[in-house]
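Once you've looked at the hints, dock chain B against the given chain A.
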Amino acid sequence: MNYFIDLVIVGLSLGMIYGLVAIGISLIYSGLDVVHFAHGEIYMLGAYIGLMIYNTFHLPLPLVLVGSMVLTGLVGVAIERVFYRRILRGGGGYTVSGMAMVICGFGMSIVLQNVAFLIWGPRAMPFPVTYGMPVELGTITLPAAYVWIVVAALLLMAALHLFLKKTRLGLAVRAVAGNKEIAYLMGINVPLTISVIFGVACALGAAAGVLVGPINYVQVLMGLGILIKAFAAAVIGGFGSLPGAVLGGLLVGVVESLGAGYLSGSYKDIYAFIMMIIVLMVRPAGLFGVLAKVKA
Amino acid sequence: MDVASMLVARDIVGGYGSVQILNGVSLKVARGQIVALLGGNGTGKSTLLKALSGLIKPWSGSIEFDGERIDGLRPDRIVRRGLVQVTQGKEAYPAMTVEENLLLGAHVKPERAVRARGLERAYGYFPILKERRRQQTGTLSGGQLQMLCIARGLMSEPKMMLLDEPSAALAPQVVLDIFRAISRICREGMTLLVVEQNVRMALLLAEYGYVIKDGVIHIEGAAEQMINDDAVRLSYLGGTVAGRDRKVAP
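Protein chains in written order, with the numbering used here: chain A, 1 to 296; chain B, 1 to 250.
Extracted from the complex, chain A is given alone in its bound form (with noise of 0.2 angstroms):
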């Protein structure tokens, strides 16, 4: 029994960072309308920023991970200004994406790699912070990496949440995301807005590369696994339904954990995709989502 609810506690974890990371690219997509395939590559930034904020000034890890989620955020908005949006202006703008704007995605995440590689080289770094001395919830002994990720993934999908629905600059974003033509007629600035959108994905994407990093190492290839699987995450839930991300993830993190511990862990790859086959058969609008687009 106790061996079970290790998993499930390493899974919620792990669930928890390919929730951060969904919310981001579901984020994306219902406020640009468009699948961010670099979005693995915004993780492993966010991680190796949150490294070098850590190397330089030996913050203690809240800060590092308050900094790292800035910074990131500012590039990510410097990515979606510079390249993103003169390539989607040629197709009239963020409603009409299509391709092109896949391809730009793939092409950004293989670019920001070995951006990465240039700077940091090819060797993996340890991320030499420790989450401190293991927590104890009544007869279970946790580790306290995998409760501080839930804590801290809990604290960040919660502010987000008071962002969107109690500011006014959140119900803008709703706005934007629902219906940019009519955003507009509200008097709301749609581009600054869009950056808005891309800035806090990004952010929440290094948010979860910083977490990861002290029980994992950073290196310049880890933001593919992690696309893939917050991309499941993500369909699970119902493309661009945050609270469907969030469950998605922590779906795709237990089913991976008890698979791997159950049934062997050289496959443990395939279990969240085996769950996306399933839940995509038996609802193609995934948990939460809806197949027509009504969303804010």
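Treat the hints with caution; some may be incorrect.
Said to hold, decoys possible - Calculated from the model, a selection of chain A residues having no Cβ within reach of chain B, i.e. all distances over 12 angstroms:
(1) 56
(2) 62
(3) 108
(4) 118
(5) 121
(6) 130
(7) 139
(8) 144
(9) 150
(10) 151
Unchecked claim - The following residues of chain A were derived to be distant from chain B, with all beta-carbon distances above 10 angstroms:
(11) 82
(12) 111
(13) 113
(14) 134
(15) 141
(16) 160
(17) 162
(18) 199
(19) 215
(20) 225
(21) 255
(22) 264
(23) 279
Stated by the list, open to error - With a Cα cut of at most 25 angstroms, we get these calculated DMTMM-like pairs of lysine to aspartate or glutamate:
(24) A:166 with B:157
(25) A:166 with B:120
(26) B:57 with B:214
Since the hints were derived computationally from the structure, they do not count as laboratory data.
Built from N, CA and C at the ideal position, the CB exists for glycine as well.
Relative to chain A, chain B alone:
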């Protein structure tokens, strides 16, 4: 410059892509008046509205609002100047609550007091919205949605509103309620341009009317005169509503 006019459009030419829809539209809206813009489907009404609110850039011509050129400005800048387009009821955000939709209308007014005052004013015009303020907008009826969109337009305290077919797909009794509210909003100091297919209702509401056809203004005149104009001309206006009304009128 024309101080009596709130909005002056001169020779607007425009369209989508390479398709030209507006072939030189000129119109004026005097301060504090309701002006009706009439026309059937595909005559260029909506395209003209989009040009006025900035969603498309006119290819040539000028638009002056409150004494300043606004053609070519981004839509959100035009809203900040005080010219707001009220969308059709179906274009409220269905997944937001009624109050969220209203607050969205006040996006350009961050001050808490202004937003609260706007809500109060909106609920004053349409008390039903206050009852439903916590409900999902998708659960409202067609008439309530239209009320919501008008109220949402008021939230930014504009100088002038452009109304896109406020009677579309509504029952006659509901249309009457909506038009009463519009006329009250005008009496309290608003300037309005109302785009309509419901010719007779619109001309009863407005002081001046324009008929647009094939992307140009075809007929214009004082609303009273237009109502009493001959049936042939009214049949331009798209048909059966006007025609039937003519037979009933003495």
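Tested hints:
1. Every CB of chain B lies more than 12 angstroms from the CB of residue 56 of chain A, the least distance being 37 angstroms, so the non-interface label holds.
2. For residue 62 of chain A, the condition that its CB be more than 12 angstroms from all CB atoms of chain B holds, with the nearest at approximately 30 angstroms.
3. Against chain B, the non-interface label of residue 108 of chain A holds: every CB pair exceeds 12 angstroms, the least being about 27 angstroms.
4. Once the 12 angstroms rule is applied to beta carbons, residue 118 of chain A is consistent with being away from chain B; the minimum gap is 39 angstroms.
5. The Cβ of residue 121 of chain A sits about 45 angstroms from the closest Cβ of chain B, beyond the 12 angstroms cut-off, so the non-interface label holds.
6. Every beta carbon of chain B lies more than 12 angstroms from that of residue 130 of chain A, the smallest distance being close to 43 angstroms; the non-interface claim holds.
7. Its beta-carbon lying about 44 angstroms from the closest one in chain B, residue 139 of chain A satisfies the requirement of being farther than 12 angstroms from that chain.
8. In this structure residue 144 of chain A is separated from chain B by more than 12 angstroms, as the shortest Cβ-Cβ distance comes to about 39 angstroms.
9. Every CB of chain B lies more than 12 angstroms from the CB of residue 150 of chain A, the least distance being 29 angstroms, so the non-interface label holds.
10. Interface exclusion of residue 151 of chain A from chain B stands, the closest Cβ pair being 30 angstroms apart, more than 12 angstroms.
11. Separation of residue 82 of chain A from chain B is adequate, the least Cβ-Cβ distance of about 20 angstroms exceeding the 10 angstroms criterion.
12. Every Cβ of chain B is farther than 10 angstroms from the Cβ of residue 111 of chain A; the closest lies at roughly 31 angstroms, confirming the non-interface assignment.
13. With a cut of 10 angstroms on Cβ distances, residue 113 of chain A stays outside the contact zone with chain B, its closest approach being about 36 angstroms.
14. At roughly 43 angstroms from the closest C-beta of chain B, the C-beta of residue 134 of chain A stays outside 10 angstroms, upholding its exclusion from the interface.
15. In this structure residue 141 of chain A is separated from chain B by more than 10 angstroms, as the shortest Cβ-Cβ distance comes to about 43 angstroms.
16. Remark: the non-interface label on residue 160 of chain A is consistent with the geometry, its nearest Cβ contact in chain B lying 17 angstroms away (cut-off 10 angstroms).
17. Non-interface call for residue 162 of chain A relative to chain B: holds, since the shortest CB-CB distance, roughly 14 angstroms, exceeds 10 angstroms.
18. No beta-carbon of chain B comes within 10 angstroms of the beta-carbon of residue 199 of chain A; the shortest separation is about 19 angstroms.
19. Every Cβ of chain B is farther than 10 angstroms from the Cβ of residue 215 of chain A; the closest lies at roughly 37 angstroms, confirming the non-interface assignment.
20. The claim that residue 225 of chain A is not at the interface with chain B holds, since no C-beta of that chain comes within 10 angstroms of its own (minimum 33 angstroms).
21. Even its closest Cβ contact with chain B, about 29 angstroms, leaves residue 255 of chain A beyond 10 angstroms, as expected for a residue assigned away from the interface.
22. No beta-carbon of chain B is positioned within 10 angstroms of the beta-carbon of residue 264 of chain A; the least distance is around 42 angstroms.
23. With a closest Cβ-Cβ approach of about 22 angstroms to chain B, residue 279 of chain A is found to remain outside the 10 angstroms limit, as its non-interface label requires.
24. At roughly 22 angstroms between alpha-carbon atoms, residue 166 of chain A and residue 157 of chain B fall within 25 angstroms of each other, so this suggested pair holds.
25. A C-alpha spacing of about 19 angstroms is found between residue 166 of chain A and residue 120 of chain B, which places the hinted pair at or below 25 angstroms, so the restraint holds.
26. Taking the CA atoms of residue 57 of chain B and residue 214 of chain B, the gap is about 19 angstroms. The hint holds against a cut of 25 angstroms.
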